[in-house]
Amino acid sequence: MSSALRREQNRTTVSLLVPALAVIIIFTTIPALTTLSYAFFSWDGFQRGGFNGLENFQKLFAYPYSDQLFAALKHNTIAFVVIMTFQTSLGLLFAYAMFRIKRGLRLYRVVVFLPVIFSLVVVGYLWQALLDPFYGPVNQIITAIGLPEFAKPWLGDTATALPTLMFINLWRWVGFPAIVFLAGLNAINTEYIEAARIDGASEGQIFRKIIFPLLAPSLTIITVLTFIGAYEWFDLPFVLGGSNGSPAGATDTLALMFYRLSFGSIDSGANNVGVGSALGVLIFTLVGLGAAFGSKMLRKREVEQ
Amino acid sequence: MNIKRFRGLVAALFAAATVVAPGASVASADTELTFWSWRTEDKAFYESQIKLFEAKNPGISVKFTPYLNTEYNAIVSTALTAGKGPDIIQMRPYGGMANLSDAGNFLPLTTAEVPALKKLSAGILAGAQGYKDKKQYGLPYAVSALGVMYNPDILDQSGIRALPQTWAQMLKAFDKVKKAGFLPIGNAGGNGPALEQLHATVGPTFYGGTSFYNDVVAGKKTFTDKGYVASLKAVADLAKYMPANYQGIDYNTARGLFANEKAAFYIGGNYEMGYFRSLNPSINIGWFPAPKANSGAKRYVGTWADGAYAINAKTTNKAAALKFLNFLGTKEFGQALVDEIAFIPTAPYVKINDPAVKEINRWRTTLGTPFLNVVGFRFENPTSSSILQPGFQKLIVGGITPEQLAKDVQTAVASWYAPQKGKS
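As you go down the protein sequences, you meet chains A and B in turn. So for the first sequence, my numbering puts the first residue at 1; every next one is plus one. So for the second sequence, my numbering puts the first residue at 1; every next one is plus one.
Incorrect hints may have been included.
[To be verified] Cross-link-like lysine-lysine pairs, in silico, DSS-like; alpha carbons within 27 angstroms at most: (1) K152/A / K179/B; (2) K262/B / K152/A; (3) K358/B / K298/B; (4) K152/A / K233/B.
To be clear, the hints were calculated from the coordinates, so they are not data collected in a lab.
Take the sequences, apply the hints, and build the full model.
Listed below in structure tokens is the structure:
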């Protein structure tokens with residue numbers, strides 16, 4: 001390649017990158033760095049005071065924030081484990097079923113993916129109405145089939161609120177891993193499967209020894225995205241439990257706590273930008289390191305086709 | 001799972017960013033004022049009042065934009081901090097927006113510019129002052145009062161002839177209502193703030209109302225005081241009168257139970273009446289102040305300024321904005337506010353026609369006591385409310401003892417409130 005051509009190519013590459021980079025720098029990098037700096041200042045409402053070192057972090061790890069922090073972290077972790085286990089395996093199951101299906105693939109694909117495109121607020125209110133302990137059809141059905149002791153205040157009981165939220169999350173998001181896995185399945189060279197079949201491998205063997213290992217790249221993506229999503233879980237808990245993680249903080253998450261601290265809750269008053277930013281830094285570090293480390297580990301076990 | 005970060009936050013920023021910045025200059029023929037509020041339910045009311053204002057003030061138009069109650073503070077904070085925001089702002093009382101006024105976001109008002117301020121009492125004016133500089137930043141428009149609302153028809157059918165005067169009598173009345181096949185109270189546990197209001201209604205008689213308020217503000221008493229613990233226990237004792245599965249019943253469903261005449265009582269603020277009547281225009285509603293803890297105790301009506309109208313310090317339409325603010329301070333507007341939304345007016349010159357509101361206001365003026373958390377302890381985080389709201393949700397299901405909850409509130413408040421520092 002001539003050097004003139006290479007220069008020309010470089011120029012094109014740079015000019016194509018600039019707009020996207022500018023957007024990322026202005027809307028992601030700069031705010032992230034400013035938040036980082038906010039964490040080391042004292043705040044009065046939205047007015048920045050003087051530098052106060054690690055005081056905000058100390059506050060974050062003292063009562064009452066420490067209680068909220070560890071409770072929220074626990075909820076995020078539970079959400080990650082549960083969503084990873086159930087949502088991802090169900091997604092894989094759906095994907096495999098759609099992969100093997102002969103007719104109606106389009107229909108199933110739409111059905112599985114449909115909830116993903118609904119507005120989350122709509123999903124939230126829909127489920128809130130369905131689960132209403134007084135008027136909701138879910139409890140009415142449970143009572144009608146003779147199991148009134150299982151008609152619970154699903155979103156109001158501290159024991160059931162988080163599991164209910166995770167279930168709704170699954171209902172809404174299962175289509176996403178399903179579609180990613182389906183794409184992964186379709187990318188697998190069918191010669192491997194045919195060869196295995198000729199050699200007399202069973203369906204189970206084919207899935208375990210050929211398909212699953214070759215799906216590793218999809219699984220990496222899903223795991224990393226689920227990890228990020230679970231530790232930044234905000235929208236569904238906010239729609240259903242408000243910024244305080246109602247009931248009694250049972251659905252509190254790190255992101256809700258961040259929002260509540262940084263912006264204040266209308267019902268309980270004043271905010272604390274400093275402690276909020278300290279928490280922001282903590283979440284960023286946790287998610288950033290977790291995602292980087294996780295994807296590195298997962299990539300290692302991916303196999304080449 | 002959604003991977004977009006903090007969608008709520010982005011939405012708030014977006015809402016703030018897309019709002020039209022205040023118009024050009026006062027001198028121009030048509031000045032458009034923007035007016036933000038959290039009262040989505042009052043949109044029709046404000047728009048009809050704005051029409052009256054516009055008719056009298058040609059050349060000035062006002063655009064009223066209400067935001068979701070729960071999002072309002074974040075939206076206003078974001079906009080004002082970015083140097084934007086509307087010309088006129090409906091302002092949260094006391095600590096609700098004190099950090100914004102302390103940061104110089106609102107125009108300080110003088111009685112020369114806003115004569116209506118002269119007619120308001122000091123306690124009401126305090127609801128719209130800066131926490132630090134004590135300057136007047138808003139024109140308070142309404143006061144709220146807490147009490148027990150009841151359905152006279154259900155009481156009649158349950159054989160209750162006299163309104164309860166003491167706590168024991170009230171619980172007895174609840175039992176009677178239950179026996180007659182109705183729900184005693186519509187109040188439920190799905191919403192922390194509603195439980196806090198419930199406590200602010202029935203609690204003061206247990207902790208000693210205003211004198212305890214003064215002592216705790218001065219640092220002479222703490223939240224672990226025996227009386228305060230008893231007031232928390234009173235809330236726990238009401239749980240068994242709440243509807244089945246009360247933990248999960250949200251605010252609207254709870255209020256709906258009273259509005260739709262399934263529940264005999266609803267404990268809370270007078271501002272609920274407008275909502276009850278909007279759901280069921282034919283409902284009969286009576287009101288009485290929360291009963292006394294025992295025959296020796298006093299009754300109290302929790303009260304606080306509900307909000308105020310303020311002007312953005314960065315408005316480019318100061319003259320027009322003041323004109324509109326003064327319109328909001330007129331007798332006609334105050335009268336309409338009372339007649340149409342059943343608010344208790346701040347201004348003594350407004351006449352209350354609604355018999356229920358009149359009754360509430362009569363009790364409020366004689367038994368009034370400040371809403372402890374709102375008036376006293378919402379200025380810094382962790383506020384007492386931020387501990388109590390989830391705390392009450394735990395308390396009513398037996399997840400925490402009243403003693404422990406009181407201790408938690410004390411620890412939280414003592415972490416920032418100087419007179420309480422080091423006390424437990």
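How the hints compare with the structure:
{"no.": "1", "hint": "K152/A / K179/B", "verdict": "holds, 24 angstroms"}
{"no.": "2", "hint": "K262/B / K152/A", "verdict": "holds, 20 angstroms"}
{"no.": "3", "hint": "K358/B / K298/B", "verdict": "holds, 22 angstroms"}
{"no.": "4", "hint": "K152/A / K233/B", "verdict": "holds, 25 angstroms"}
Hint compliance for this structure: no hint is broken.
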